[in-house]
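In the order they appear, the protein sequences are chains A and B. This note's numbering puts the first residue of the first sequence at 22, with every later residue one more than the last. This note's numbering puts the first residue of the second sequence at 7, with every later residue one more than the last.
Among the clues, some could well be false.
To be verified - To give an idea of the chain A side of the interface with chain B (calculated C-beta under 8 Å), a few residues:
id: 1; residue: Phe-79
id: 2; residue: Val-80
id: 3; residue: Gly-81
id: 4; residue: Ala-112
id: 5; residue: Ala-130
id: 6; residue: Ser-131
id: 7; residue: Phe-133
id: 8; residue: Gly-137
id: 9; residue: Asn-167
id: 10; residue: Glu-171
id: 11; residue: Pro-191
Stated by the list, open to error - Beyond 10 Å from chain A on every Cβ pair, some chain B residues (computed):
id: 12; residue: Ser-15
id: 13; residue: Thr-44
id: 14; residue: Glu-51
id: 15; residue: Ala-55
id: 16; residue: Glu-63
id: 17; residue: Met-143
id: 18; residue: Glu-146
id: 19; residue: Ser-173
id: 20; residue: Pro-190
id: 21; residue: Arg-197
id: 22; residue: Glu-214
id: 23; residue: Ser-217
What the hints assert, rightly or not - Per label pair, the in silico range of CB-to-CB distance:
id: 24; chain 1: B; residue 1: Gly-199; chain 2: A; residue 2: Ala-106; range: 42 to 48 Å
id: 25; chain 1: B; residue 1: Met-257; chain 2: A; residue 2: Ala-36; range: 37 to 43 Å
id: 26; chain 1: A; residue 1: Thr-72; chain 2: B; residue 2: Ala-265; range: 29 to 35 Å
id: 27; chain 1: B; residue 1: Glu-238; chain 2: A; residue 2: Asp-86; range: 37 to 43 Å
id: 28; chain 1: B; residue 1: Gly-199; chain 2: A; residue 2: Glu-39; range: 39 to 45 Å
id: 29; chain 1: A; residue 1: Ala-186; chain 2: B; residue 2: Asp-239; range: 51 to 57 Å
id: 30; chain 1: A; residue 1: Ala-106; chain 2: B; residue 2: Asp-206; range: 29 to 35 Å
id: 31; chain 1: B; residue 1: Asn-20; chain 2: A; residue 2: Gln-190; range: 54 to 60 Å
id: 32; chain 1: B; residue 1: Asn-20; chain 2: A; residue 2: Glu-39; range: 44 to 50 Å
id: 33; chain 1: A; residue 1: Asp-27; chain 2: B; residue 2: Ile-46; range: 53 to 59 Å
id: 34; chain 1: B; residue 1: Pro-48; chain 2: A; residue 2: Asp-86; range: 51 to 57 Å
id: 35; chain 1: B; residue 1: Glu-262; chain 2: A; residue 2: Glu-69; range: 36 to 42 Å
id: 36; chain 1: A; residue 1: Pro-176; chain 2: B; residue 2: Ile-46; range: 14 to 20 Å
No lab work stands behind these hints: they were computed from the structure. Even for Gly, the Cβ is constructed at its ideal location relative to N, Cα and C.
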Amino acid sequence: MVAAADPREAVVWAALDEIPDPEIPAISVVELGVIGGFAFERTTGGGERLTVDLLPTFVGCPAIDVMLEQVGERLRRLRLADEVAVRLTFAIPWTSDRISTEGREKLRASGFAPPGLSAIGAPSVPDGDLLNVVSVVNCPYCGSRNTTLENAFGPTLCRAIYHCADCRQPFEQFKAV
Amino acid sequence: MNEAPRDPSDETQNALAQLLMGIADDEFVIGFWDSEWTGIAPMLEEDVATSSISQDEIGHARALYELLAGLTGQDADAIAFGRAPEGYRHAALMNHPRTDWAFTIARRYLYETADAVRLEALSRSSYEPLAQLAAKMRREERYHLMHLDTWLRRLAADADAKARLASALRALWKDALAIFSPVPSEDLLVRGGELPEPMDSLRARWLEQVSAVLGDLGLPGPSPDDLAAGTEDGRTRRTDDFRWLHGEFTMVAASERGATW
Chain A
22 MVAAADPREA
32 VVWAALDEIP
42 DPEIPAISVV
52 ELGVIGGFAF
62 ERTTGGGERL
72 TVDLLPTFVG
82 CPAIDVMLEQ
92 VGERLRRLRL
102 ADEVAVRLTF
112 AIPWTSDRIS
122 TEGREKLRAS
132 GFAPPGLSAI
142 GAPSVPDGDL
152 LNVVSVVNCP
162 YCGSRNTTLE
172 NAFGPTLCRA
182 IYHCADCRQP
192 FEQFKAV
Chain B
7 MNEAPRDPSD
17 ETQNALAQLL
27 MGIADDEFVI
37 GFWDSEWTGI
47 APMLEEDVAT
57 SSISQDEIGH
67 ARALYELLAG
77 LTGQDADAIA
87 FGRAPEGYRH
97 AALMNHPRTD
107 WAFTIARRYL
117 YETADAVRLE
127 ALSRSSYEPL
137 AQLAAKMRRE
147 ERYHLMHLDT
157 WLRRLAADAD
167 AKARLASALR
177 ALWKDALAIF
187 SPVPSEDLLV
197 RGGELPEPMD
207 SLRARWLEQV
217 SAVLGDLGLP
227 GPSPDDLAAG
237 TEDGRTRRTD
247 DFRWLHGEFT
257 MVAASERGAT
267 W
């Protein structure tokens, strides 16, 4: 680990923030919250390794391999360490609450309803609460709450399909998990 | 993902590997069966939903095979696609073909509800990589539960559909109970906390929850014969239907072993 003042940290965050989500390119992997953290570590050979933790949004997300590759490739170009390692981890569970405020605004601007905050919460919350949660989604076009869930399963694992009764638009929501 | 467990004895490690393989194979095989609905589900929205749920399950299987591979030093793809049909350890529930829509919903309802009880227990596992993965999977599986609950009620509200649902449930109960077949050397896992509760106690909790819902809808629970049937071979029995599916899902891997792309 390095001290918090390491100037390289800001450089790494800025570089990561340039990488778009492969399935919803309107937001970056940083705004999506899939970067769990990173650290510069000494290797046994005396060099230095930059290790990044990547948190999958959905366990079966087919974009995971692309993200691993893009993060590794972008950080190697910075030449801040001898090696770059990107590893998947479930130690910090990704939840939709990890999407940043900027990320939510960018989702909305590109026609995606952002997920509700603390939508499901800790796994101790009874499963039955889910129906109440998914039914309150604002239309990203007109802001109306007069929307209905058409399908909890959309074109990718992380997207659900809604319909707005006021502006009569179908729209997608980034699913709350 | 592939961290080694905390210095377990070989026997505990083998038992843990058997537990992981059973769960991974459950998710893998039901994912492949239900992916057969892609393109031919009763309506377009359902086509997307079934395909998405199947993709989730196969993704969960992949993560579990990776954990298993970390324990045994094998390659996850080799475990998933390299075994003969008799080497798979899914519950007998997954030996059946998809059959009609009511049959698919009946099987998936039994599976999802059982999986929810199992995942809740595993999220308390002393084997941390498994506890973390189970906690993550639970967040996704809630959507499956909600979807299947909706379908169960919808089919139960129609006389013809309800009759088909009831007959599918009667045909499936015995094999569904096999989801909670004891794992070999299970006592070691329970003692070490890798499996926080015996399968028997998970089975009892699941039966209580599911019987209440089915009873309210006028749908059958397990018969005394189903409950009395032994579950020792619940994860080793194989059928010709499964052998056929195995031929389908290993076809590409078998055409060029070890190929990468």
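Each hint tested on the structure:
Checking Phe-79(A) against chain B: minimum C-beta separation of about 6 Å stays under 8 Å; hint holds. The restraint placing Val-80(A) at the interface with chain B holds, with a minimum CB-CB distance near 5 Å, inside the 8 Å limit. Contact between Gly-81(A) and chain B, as hinted, is supported at the beta carbon level, the nearest pair being about 1 Å apart and thus within 8 Å. Interface hint at Ala-112(A): satisfied, since its Cβ lies 6 Å from the closest Cβ of chain B, which is below the 8 Å cut-off.
Against a cut-off of 8 Å between C-beta atoms, the interface hint on Ala-130(A) is violated, since the closest Cβ of chain B lies about 25 Å away. Restraint check, Ser-131(A) versus chain B: the minimum CB separation of about 21 Å is more than 8 Å; hint violated. Hint status for Phe-133(A): violated, given a least beta-carbon distance of 17 Å to chain B, over 8 Å. Annotation: interface hint on Gly-137(A) violated; nearest CB of chain B at approximately 14 Å, more than 8 Å.
A hinted interface residue such as Asn-167(A) counts as satisfied when its beta carbon comes closer than 8 Å to some beta carbon of chain B; here the least separation is about 20 Å, so the hint is violated. Taken as an interface hint, Glu-171(A) checks out: its beta carbon lies about 7 Å from the nearest beta carbon of chain B, inside 8 Å. Proximity of Pro-191(A) to chain B is violated relative to the hint, the smallest CB-CB distance being about 11 Å (cut-off 8 Å). At roughly 25 Å from the closest C-beta of chain A, the C-beta of Ser-15(B) stays outside 10 Å, upholding its exclusion from the interface.
No Cβ of chain A comes within 10 Å of the Cβ of Thr-44(B); the nearest lies about 12 Å off, and the non-interface call holds. At roughly 5 Å from the closest C-beta of chain A, the C-beta of Glu-51(B) falls inside 10 Å, breaking its exclusion from the interface. The non-interface label for Ala-55(B) is inconsistent with chain A: the shortest C-beta to C-beta separation is roughly 4 Å, within 10 Å. At roughly 8 Å, the least C-beta separation between Glu-63(B) and chain A is not larger than 10 Å, which violates its mark as non-interface.
Look at Met-143(B): its CB is around 6 Å from the nearest CB on chain A, not clear of 10 Å, so calling it non-interface is violated. A Cβ of chain A approaches the Cβ of Glu-146(B) within 10 Å, the least distance being about 6 Å, so the stated non-interface status is violated. At the 10 Å boundary, the C-beta of Ser-173(B) stays outside the reach of chain A, the nearest C-beta of that chain being 27 Å off. Under the 10 Å C-beta cut-off, the non-interface status given to Pro-190(B) relative to chain A holds; the minimum distance is some 26 Å.
The beta carbon of Arg-197(B) is kept farther than 10 Å from every beta carbon of chain A, the shortest such distance being approximately 25 Å. Distance check for Glu-214(B) against chain A: the nearest CB is about 15 Å away, which clears 10 Å, and the non-interface claim stands. Against chain A, the non-interface label of Ser-217(B) holds: every CB pair exceeds 10 Å, the least being about 17 Å. Distance hint for Gly-199(B) and Ala-106(A): a CB-CB separation of about 31 Å, inconsistent with the stated range 42 to 48 Å.
Checked against the given bound of 37 to 43 Å, the beta carbons of Met-257(B) and Ala-36(A), roughly 42 Å apart, stay inside it. Under the hint 29 to 35 Å, the C-beta atoms of Thr-72(A) and Ala-265(B), about 30 Å apart, fit the expected range. Between Glu-238(B) and Asp-86(A) the CB atoms are about 40 Å apart, so this pair conforms to the stated range of 37 to 43 Å. Under the hint 39 to 45 Å, the C-beta atoms of Gly-199(B) and Glu-39(A), about 44 Å apart, fit the expected range.
In this structure the supplied range 51 to 57 Å holds for Ala-186(A) paired with Asp-239(B), their Cβ-Cβ distance being about 54 Å. Here the CB-CB span from Ala-106(A) to Asp-206(B) is close to 43 Å, at odds with the stated 29 to 35 Å. Restraint check, Asn-20(B) to Gln-190(A): a C-beta distance of roughly 55 Å satisfies the suggested window 54 to 60 Å. Taken as a hint, the range 44 to 50 Å holds for the pair Asn-20(B) and Glu-39(A), whose Cβ atoms sit roughly 46 Å apart.
Between Asp-27(A) and Ile-46(B) the beta carbon distance is about 56 Å. The supplied range of 53 to 59 Å therefore holds. Our hint of 51 to 57 Å for Pro-48(B) and Asp-86(A) is violated, since their Cβ atoms are close to 33 Å apart. At about 40 Å, the CB distance of Glu-262(B) to Glu-69(A) agrees with the hint of 36 to 42 Å. Against the hinted window of 14 to 20 Å, the Cβ-Cβ separation of Pro-176(A) and Ile-46(B) comes to about 19 Å, which satisfies the hint.
Checked against the numbered hints given earlier, the structure breaks hints 5, 6, 7, 8, 9, 11, 14, 15, 16, 17, 18, 24, 30, 34 and satisfies all the rest.
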